[in-house]
Each structure stands twice: as structure tokens, then as C-alpha cells.
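Asks: Given next are the chains, with one letter for each unit.
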Amino acid sequence: MCATCAEAMRRAVLLLAFGALACGSAEPPARRAPTLVAHDAWARSADSGGTTAVYLVIKNTDTVPDTLRAVRSALAADAGMHVSMDRRGTMQMVPVRSLAVSGRDSVVFRPLATHVMLTGLRASIGAGDLLSLTLEFTSGTTLAVPVTVRQP
Amino acid sequence: MLPARPASTLLLLLAALACDAPLHGTEYDPASPAPTLELTGAERIFRLSDHRDTTVLLYFGYTHCPDVCPTTLTDWAKARRILGDRAARVRFVFVSVDPGRDTPALARAYARQFDSTFIGVVANDDQIARLRRDWGVAVFTQGDPRSPDYGVGHPSRTFIVDRRGRLRLTHSPGTTPQMIADDVRNLR
Numbered sequence: 001m002c003a004t005c006a007e008a009m010r011r012a013v014l015l016l017a018f019g020a021l022a023c024g025s026a027e028p029p030a031r032r033a034p035t036l037v038a039h040d041a042w043a044r045s046a047d048s049g050g051t052t053a054v055y056l057v058i059k060n061t062d063t064v065p066d067t068l069r070a071v072r073s074a075l076a077a078d079a080g081m082h083v084s085m086d087r088r089g090t091m092q093m094v095p096v097r098s099l100a101v102s103g104r105d106s107v108v109f110r111p112l113a114t115h116v117m118l119t120g121l122r123a124s125i126g127a128g129d130l131l132s133l134t135l136e137f138t139s140g141t142t143l144a145v146p147v148t149v150r151q152p
Numbered sequence: 001m002l003p004a005r006p007a008s009t010l011l012l013l014l015a016a017l018a019c020d021a022p023l024h025g026t027e028y029d030p031a032s033p034a035p036t037l038e039l040t041g042a043e044r045i046f047r048l049s050d051h052r053d054t055t056v057l058l059y060f061g062y063t064h065c066p067d068v069c070p071t072t073l074t075d076w077a078k079a080r081r082i083l084g085d086r087a088a089r090v091r092f093v094f095v096s097v098d099p100g101r102d103t104p105a106l107a108r109a110y111a112r113q114f115d116s117t118f119i120g121v122v123a124n125d126d127q128i129a130r131l132r133r134d135w136g137v138a139v140f141t142q143g144d145p146r147s148p149d150y151g152v153g154h155p156s157r158t159f160i161v162d163r164r165g166r167l168r169l170t171h172s173p174g175t176t177p178q179m180i181a182d183d184v185r186n187l188r
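Those protein sequence lines, which keep their order, are chains A and B. Numbering of the first sequence is given in this note's numbering, commencing with residue 1 and proceeding in unit increments. Numbering of the second sequence is given in this note's numbering, commencing with residue 1 and proceeding in unit increments.
Simulated from the structure, these hints should not be mistaken for laboratory data. Ideal Cβ positions, reconstructed from N, Cα and C, are used throughout, including at glycine. Watch out, some of these pointers could steer you wrong.
Partial selection, computed: residues in chain A whose CB lies under 7 angstroms from chain B [to be verified]:
{"hint": "1", "residue": "Asp40"}
{"hint": "2", "residue": "Thr51"}
{"hint": "3", "residue": "Ala53"}
{"hint": "4", "residue": "Met91"}
{"hint": "5", "residue": "Gln92"}
{"hint": "6", "residue": "Thr119"}
{"hint": "7", "residue": "Arg122"}
{"hint": "8", "residue": "Thr142"}
Which bits of chain A does chain B cover? Going by a derived footprint, with three or more residues having C-beta under 8 angstroms, they are [stated by the list, open to error]:
{"hint": "9", "segment": "69 to 75"}
{"hint": "10", "segment": "106 to 118"}
Given the sequences, and given the hints that come with them, work out the whole structure.
Replies: What follows is the structure, given as C-alpha cells:
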């Protein structure tokens, strides 16, 4: 496949992935006005088939706590939350099944700590690309979060 | 106005200048020759012994590593820029300990994403066995190794070998680029 065609295909996959999630965000509204906000989401560039991490901040503006129970992205075969842990000099990733967001509080996904891992990327992602990440909370709230891709 | 004890003040200043600057990383005491290290490169075997008279930073990770490896290599790239001309005598070496998925060419391309001077090589199974034995590091698969997305437990720290080939220092993840550059400059 020519380089231009490959790039066009890659863009098409990204657009489709983003479009699918944009449609997904048109689900029935949450039971109350949005009180959960995600911002400053970014990921490192990666090749098709590869792995990347997403970092972001989730802010709960309500007094009622909520719990992040799932993450997904149409761009990745699989998505999950992990925390990087240094255990006696060995770095391991430990899965995080759910994450509580206390009332009037924020949780931060940052390098060397809790992050969202996307595996099996369906297209390469480069600096400046935008992908979408969906966050599902136990309250029923679903957030579609735009994620900016940066150089590694 | 002169200090009350100008002579003693001057002596203290001279003593401070004569001492080595403190290092940010964790030092090996005493420093001893780094264990032999031979790894598979895309074009040639990487031998640590070929890099005497340079400071060598080694990180053992894997290209599917989503968080710690790219964070460390990003910090290395920033440190290299801080070092400026001094970086010419520093080698930044990313060693994949995931020979099941990483080829030497992949490891090289991965390392060069962060900085075009970075070296990327792969440890094969025999070389990983020697790493465990000689460098005292742990490397193991996490999750189902038949899955394409298994994880790899790998050393968390960067190993730093000085220009005389001595294993001198380790840096924990999150050591800032400025600290890395400071330590590279201050290693005697």
C-alpha cells in the first residue's frame, strides 16, 4: 500500500473510532446534570497493534461519590486501568478493577502511577491526533473524553 | 566586611570545592566493575565493554510497556538535551527483555523515537538468564504469555556505568531529567 493510502487509511480508522464513540456518547442522559468532568487527557504516540497509556484528571463536582467501573476505546482491542508498582526493584503493572471518585474530589491518572492502558491499537497514533476514551461509572454516567496524542 | 574567621571560612570553601558533588541516585559502595553485558542489536552485538570512556545508562524494559519505560526514556531525552555537548560521551541504552515480541530492529526504532542517538537492543533468553544471574535483576511474564498483550515484570531502576566500566549508581523511576544530567556530569 502506498504511503499516502496508508496514511488515509489510518486517518479513516481514527475518524471511525472517534465517530463511533461520539455516537456512543449520545446515550440517554445521566439521571442528573453532569457532575463528573474529565480533562487534560493525553496519550503517547504508538504504532498500530501496539500499546499506549492514557493520563487524565477526573473531577467530581458533586458531594455524592461515584466509582469508575470501566474504560473503553474503539481504537483499542482492549482497555483497562492499571497502576505501576515498584516492588523491591521490579516494576509491575497491577490491574485496577474500579476506582472511587469521592465527592468534591479529583482522581489523577499520571505517569508512573494509575493509568489507562490501551492494547491492540487498531491504527497508529501520532502527535496531534485525537482519540476518544469512554469512562463508565457505577451511577450510570458515561463520559466520552477526547484524548490528545503527544510525542512519546 | 570580612568574616570573623576569614582563614577558616576559606578553608571550608576549598574543602567543599574539593569534595565530589553529592549524587541524586543510589550509589554502589564500593563501586565494582559492571558485570559482562552482551546483547543483540539490529546490526551488531552490543557489548558494554566496547563503551569504555563513556558513561552508560541502561534501562531494561519492553516496547509494549505503556507507562514506566516511555516515561523513563522521555526523561532521558530531556536529560540529554540538558547535557548538551557533554552528551557526546554518554550512551543511553534501552534493553528489551521481551524477546518474544521485540526484535532488535523494533527495539532500535522504539528507542530512537525518544532520541535519535538512543541505542535499542534485545536480550534473548540466554542473555536474560545472565542478566538475572550477574546483574541480580528480576524479569518475568505477567498474564497469559499466549496473549498478545501480556505484561513483563522488569527492573524499575536505571543502571549507570561510569567511564571506567564500574557500576556506580541506579536511578529510580521519576528521577528528574535535571537530576539525571547532574549525576552524569558529577560522576568521577
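Asks: Hint by hint, say whether it matches the structure.
Replies: Status of each hint after checking the structure:
Among the interface hints, the one on Asp40 of chain A is violated; its C-beta lies about 16 angstroms from the nearest C-beta in chain B, farther than the 7 angstroms criterion. For Thr51 of chain A, the suggested interface contact is upheld, since its CB lies about 5 angstroms from the closest CB of chain B, less than 7 angstroms. Because the beta carbon of Ala53 of chain A sits about 4 angstroms from the nearest beta carbon in chain B, less than 7 angstroms, this interface hint is met. This hint holds: Met91 of chain A has a C-beta 4 angstroms from the nearest C-beta of chain B, less than the 7 angstroms allowed.
The criterion of a C-beta within 7 angstroms of any C-beta in chain B is met by Gln92 of chain A, whose closest approach is roughly 5 angstroms, and the hint holds. This hint holds: Thr119 of chain A has a C-beta 4 angstroms from the nearest C-beta of chain B, less than the 7 angstroms allowed. Annotation: interface hint on Arg122 of chain A violated; nearest CB of chain B at approximately 13 angstroms, more than 7 angstroms. The interface hint given for Thr142 of chain A is violated, since its Cβ lies 23 angstroms from the closest Cβ of chain B, which is over the 7 angstroms cut-off.
Beta-carbon proximity to chain B at under 8 angstroms applies to 0 residues in the segment 69 to 75 of chain A; the threshold of 3 is not reached and the given coverage is violated. With 5 residues bearing a CB less than 8 angstroms from a CB of chain B, the segment 106 to 118 of chain A meets the requirement of three and the coverage assertion stands.
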